[in-house]
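Asks: Here are the chains, one letter per residue:
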Amino acid sequence: MIKSLQRRESELADSKRQQEILANGIFKSGELPKFADKIAETNQFPLKARKLEILQINVGYMCNQVCAHCHVDAGPDRKEIMTKATMQEILDVVQQTGAHTLDLTGGAPEMNPNFRWFVEEASRLGVEDFIVRSNLTIIRANKAYHDLPEFFKNHNIHVVSSMPHWTKGKTDKQRGDGVFDKSIQALLDLNAVGYGMPDSPLKLDLVYNPSGAFLPGDQVSLQKDFKKALLEDFGIYFHQLFALTNLPISRFLDYLIASENYEDYMYALVEAYNPAAVRNVMCTNTLSVSWDGYLYDCDFNQMLQIPVNSSAKHISEYKTELLEGRHIAISQHCYGCTAGAGSSCQGSVT
Amino acid sequence: MQKTYYDPADLKKFGSISEWNEELGAKFFEYYGKVFEEGSLTAREKSLIALAVAHTIQCPYCIDAYTGDGLQRGITKEEMIEALHVAGAIRGGASLVHGVQMMNKVNKLEM
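Protein chains in written order, with this note's numbering: chain A, -15 to 334; chain B, 571 to 681.
Derived from the structure by calculation, the hints contain no laboratory data.
There may be inaccurate statements among the hints.
Restricting the straight-line Cα-Cα distance to at most 20 Å, the calculated cross-link-like pairs of lysine to aspartate or glutamate (EDC-like) are [stated by the list, open to error]: (1) A:LYS212 - B:GLU593; (2) B:LYS583 - A:ASP248; (3) B:LYS583 - A:ASP21; (4) A:LYS154 - B:GLU648; (5) B:LYS597 - B:GLU607; (6) A:LYS32 - A:ASP21; (7) B:LYS647 - A:ASP21; (8) B:LYS582 - A:ASP248; (9) A:LYS211 - B:GLU649; (10) A:LYS154 - B:GLU649.
Every value quoted in this text rests on a predicted model; they were computed, and no experiment measured them.
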């Protein structure tokens, strides 16, 4: 298993160093346009937050996997975990936000010791769509997690899980040895309780990230190929596939630099820039809450520690009027969300 | 003077061939786009054919383009190399099948 950047004491474990890389080099020299200048070409600068629809909560960076591309730099060694007190602060404001979607992410959110309590409490708040981003393997990690499919079902959770490919080789290369087999078993466990089955209200969606320095292909075509292969090879069903672009931060940035792909990848992102995708980028209707309760425009800004442009910087200070209409904090990593058909935690945006 | 015959950056300028003949350029790119649409063959299958042909005609631009296209479509390296072996087999076979001509001639002329 590879180690997190933090464990390796890599200079990229420092978010400021990542910000420097994104601000300098080919962008400082003018070889490529800065994201702010690019969106200004179509009068979309400054990018402003619209009505909040999705509250994405990162309950901790601890994970049982160490994926090569992880933008969180998550892993078993990460100790940042949301406390019950912060969870309570979030529960206190969920209804006030008016968000129709609650989206729990990590790390492996299930590893937070108060995960089940939080899900039970939050599911009573009546949000329309309650997402848990499960890495699948956690369900098979040990007996304590084997009942997760039932638990998810009992709370009408919408399960969204990562699956970079329908073959073992590509999956294990990105997510670690043995991940593919465990993921397949977990998907079968989810199917067994009704998740992902045709016409089932128990939603099971998969997330595809390219396993290398290239952009995702067409989401519809990939979904078709995933569905065919997983059904034929394993008898697995799922609903939708979301094709996400890897953003050049954290471990993926480390990979890009180490493999000498950074500049070519940034060129590819800039060349694939789609002004139509800017309108629907997720930061315009999402608020990301970190494990310690701080507010960010998205999970990526959270990892780069770029705070929201608002006097309300913590969930305890939440006020709709202080956050709606705020100017989104942007940098060159934002090209990842505007390339091609666009990319968000809910897949393509155009 | 340019030191190499091929420049990877030229691939991105492919569309500029229309500048010297707009009508034929436009017709070509319309045809090209149509060819690669989903049809009786999937776009994925067409991408693999393109990759094999690219190697047969040894076009570095096409190899670059269709290797990247294949990765984006989730085509595996196992599928890519099998496609190349198809190209290699046909190409090798094309040489060897002419051996029949050679053998015919030898058989005719030799005592």
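Asks: What are the numbers of the hints that this structure violates, sorted from low to high?
Replies: Structure breaks hints 1, 3 and 7.
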